[in-house]
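Starting from the structure of chain A, add chain B where the hints point.
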Amino acid sequence: MEPFTTHTGRAVPLRRSNVDTDQIIPAVWLKRVSRTGFEEGLFAAWREDPDFVLNNPAYDGASILIAGPDFGTGSSREHAVWALQQYGFRVVISPRFGDIFRNNATKQGLLPVVLPEDVVERLQDLTEAEPKTEITVDLVERQVRTGDQVYPFEIDDYTRWRLMEGLDDIGLTLRHEAEIEAYEKRRQPWLPTTL
Amino acid sequence: MCPYNETSSHNERHPEAEREEVVGAMGRTLAEKIWEQHVVRRAEGEPDLLYIDLHLVHEVTSPQAFDGLRLSGRKVRRPDLTIATEDHNVPTVLGPITDPISRTQVETLRKNAAEFGIRLHPMGDPGQGVVHIIGPQFGLTQPGMTIVCGDSHTSTHGAFGALAFGIGTSEVEHVLATQTLPAYRPKTMAIEVKGDLPVGVTAKDLILAIIAKIGTGGGQGHIVEYRGEAIRKLSMEGRMTVCNMSIEAGARAGMIAPDDTTFAYLEGRPHAPKGALWEQALEYWKTLRTDDDAVFDKVVEIDATTLSPFVTWGTNPGQGAPLDSVVPSPDDFDDPIERAAAERALQYMGLTPGTPLREIKIDTVFVGSCTNGRIEDLRAAAEILRGRKVVTRTLIVPGSMEVRRAAEAEGLDEIFKAAGAEWRTAGCSMCLGMNPDTLKPGERCASTSNRNFEGRQGKGGRTHLVSPAVAAATAVTGRLTAPADLL
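Protein chains in written order, with my numbering: chain A, 1 to 195; chain B, 1 to 487.
This is chain B alone, in the form it adopts within the complex:
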């Protein structure tokens, strides 16, 4: 249903513009508080000018932005609020980039970083990794900050109670030049997760179930705040998984209010405040929560107690179902557009309606990505693979070199190798077909990444999004499998 179907007036505000304040001061949501705190300039009929506390950069969406700066004779305004890494193009085995176009792109970032004075973690650097993994790792991602990057999964950082969202290359150039971004404040949506997640149901299963419920356009125009006990009980890494995939529900950003879990994660990290500044920061961070009398534009409720391991069967992240169920039929969909989309998806994915999802044979398993490439994800996979052997090609890709070192210190790499899996170096890897880790046409993959679009992992590749535990169990049996099935 189109929300903009009203008669035109000539005093139109952007559909995302602030709604009028209701008479009788009402509380504010977390998103509104952070937004207001960052407005550099506000003028009637114009977008707000927001200050950006942290700008993350990678090699894919920055070349043309730096070129633009060069052409207009501008510098980067705040190199000290900017950090870059190489992640999308890099191979995940040690060695040079063999693809000349990829190599050019990476070399271009190195040249730009040197010329404009930007901190860069290149391949081979101990701090290198996937951009949304290194920010939190360094303690650069903190509550209350505005964080942007030329990458849609920037929403990940919202797990810390930051306002974080993806931008296009022109906006990357704008932030580089001015450290600000003109934007209209989106609406707010609360996703209230009620009850506790059953044992064996992970953050990944939760967010996949949420996207299946509200659809890939469900969050469009909104900043989503995830709330409820089940969210509070998630670790920071679990929260990052949830916020990471907010974009797949169409949301502009996803956030979780900071709490003691957040503060404990941050304390002592390289760029977290120390001493008196830590105390000051903590005092401010504790105010970063939605007021009890605040009103969200939309509220969605999810019953966590009904959830189970969840997978996707189709070609968008909303086309998912519990692993316990079967491939749907197009006739199951009332909406003719969804029905047509299901038909297309089933054809592309080579699936027959009624087939139990557990019978789907898998060729390749990928554990990694900004969604599920952190130490807890690797531990979950190792837990399943310990003492077992994989029957599929299995890539285990740590999200950063720091995660890799941590995994090796715990002996997880030995477990993976003993199982017959490939232990890789850090990068975006098989998430998106821009580096050597790609699927061949028709190859079917159980992937802990975030998108199952047609051709996403390689032309003609077939992607089933799953949690790390399901990915590992699947590698053992060669079919979509839940860990509980192995017992």
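One chain only, chain A, in its complex shape:
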């Protein structure tokens, strides 16, 4: 996973709330067995509308998505994160994320940033008025900055450290294999096995 410290880029204002993962990546795309090639499927149904914000060439090359509350609700499909990243997004900003989506995002290094609703709307207004607006997302300082405005955001120390180092969860866990073995020895005897 690529380390994430600070990222500056242009943003897309997505004026929708409750963007569920079926919208982010429709089910038909989940049939793929590889981890790549999902950029075509990002918001596939909405992109058929020529007026959809991602179809506006002014936003080409944007790497930050600014969405309404309850982004990423619904299905646990991590493919939603892959689609966003493969399309080119490195950050999603929203007042509230679906839990599973937020978790999946941090596994892949797509940074989910929670900002208050009024701030999100202000940023959407800004990027709608001027698509070339540059926004900086600074994970080190835990700030979103644009022009002379500074918006702090919260993220727990551990996730921040893991994203800044670009570390893989499995490797980190296997450092504690002895503890896993110790736990296994004291599991209750009636617990079922499948084989």
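Among the hints, a few may not be true.
[As the list claims (entries may be wrong)] In silico contact screen, one side only, chain B against chain A (beta carbon under 8 Å); selected entries:
1) P47
2) I83
3) Q179
4) G411
5) K417
6) R451
7) G455
Honestly, the hints are just simulated from the structure, not real lab data. Note that the Cβ used here is the ideal one computed from N, Cα and C, for glycine as well.
Same frame as chain A, now just chain B:
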């Protein structure tokens, strides 16, 4: 309202991290008890490392996970705590998978299961079925266990007093490799259901009403525990329906404490403990309840006595209303974001404010899914369809081949066929548009599944979530209908 709107400090804990224990030992909730019981390792400033008692696998979210194992030269740590099935892609008529991409995905799971030594129930196997139906069916889902799957409706298993939740593909790989999951303990929410459900109001109506009340973000960051007499009176299948849709309220997991209903359901199932182990297990399971002096982070009360058959009109599971009422107007919503969402939804769904919900014409009825694809659901549908004919296209999809056999032993299939409905084989079917059972653009469906998102059942498809009884009654009249309307 954003809960994280506080000034930043550099010693921040995850918003879901355990709250400080209050001085003067307080009781613990069921969720906390199970969580603590499964902590392999805890370190300051890090997520807990949880042991996973059961890992359910299906063909959609596992290919890339197994690939990851292969690439890093790792094995599955506990094949004996892992079980796989084919459900999302499979057709629900006998025969091969015609779509080459679906076929590849299913073949990939078969290859992976063989290579990594995982038990698999493929199409054609008598144990095959929807992943959240076969776990309980085999007695693999038990109280006090941690259960995960690369599927958000894993919350279903919480009906047994298990801690069960959905995970993404990277976490699937993590569990395969280590049988553990790093996680922060979510907050706890009690949903107290007061009074008794009126006659004709089912578990599905209850959970739809709950989601309409607290919204699709209402449970976010929380494990929900459903409590109260009405919950105690639900059968295990009813409890599974309720817990299944916890995710639609944004909850991390949903649970119901085990009781005699739970134990009776489990006793004798293939993987339930037997003999002395059964007695030991029972003694432990009886301790699995929230202490009387435990404090939940949030409490929501629902008055069961006011409920009636409930349906959705919109494009998220929270956009629902009693079947007795009318399509709302965007102006009914004070919050500008909800108002905009309602406008969008009404446009997509092709509905006019003020239209009685009973007047909405339905093209297709789907009875099935991990929400309502069990034997009691089929019995409820059969009860309505006995001696009647359907006017809509009607798919009856048993959630597993075992449910199918049970239904046939009771003659339910004959009732369905005589009514003109299609009697199918087991799979996720029309819940989610990944297999041949899909809606055409503009087609309107009364569905016993769990999501009514735009395009969920097929591009441009329009979904109304309902209970099995309402689905069956709707098939008879061709409009959204309650069973009582047919009398």
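Going down the list of hints, with the structure as the test:
1. Restraint check, B/P47 versus chain A: the minimum CB separation of about 6 Å is within 8 Å; hint holds.
2. Interface hint at B/I83: satisfied, since its Cβ lies 4 Å from the closest Cβ of chain A, which is below the 8 Å cut-off.
3. Interface restraint check: B/Q179 against chain A, minimum CB-CB distance 7 Å, threshold 8 Å, status holds.
4. Violation of the interface hint for B/G411 is found here, the shortest Cβ-Cβ separation to chain A being roughly 33 Å, above the 8 Å cut-off.
5. Violation of the interface hint for B/K417 is found here, the shortest Cβ-Cβ separation to chain A being roughly 29 Å, above the 8 Å cut-off.
6. Interface hint status for B/R451: upheld, as the beta-carbon distance to the closest one in chain A is roughly 6 Å, under 8 Å.
7. The closest approach between the C-beta of B/G455 and any C-beta of chain A is roughly 5 Å, which is under the 8 Å cut-off, so the hint is satisfied.
Violated hints, listed in ascending order, are 4 and 5; each of the other numbered hints is respected by the structure.
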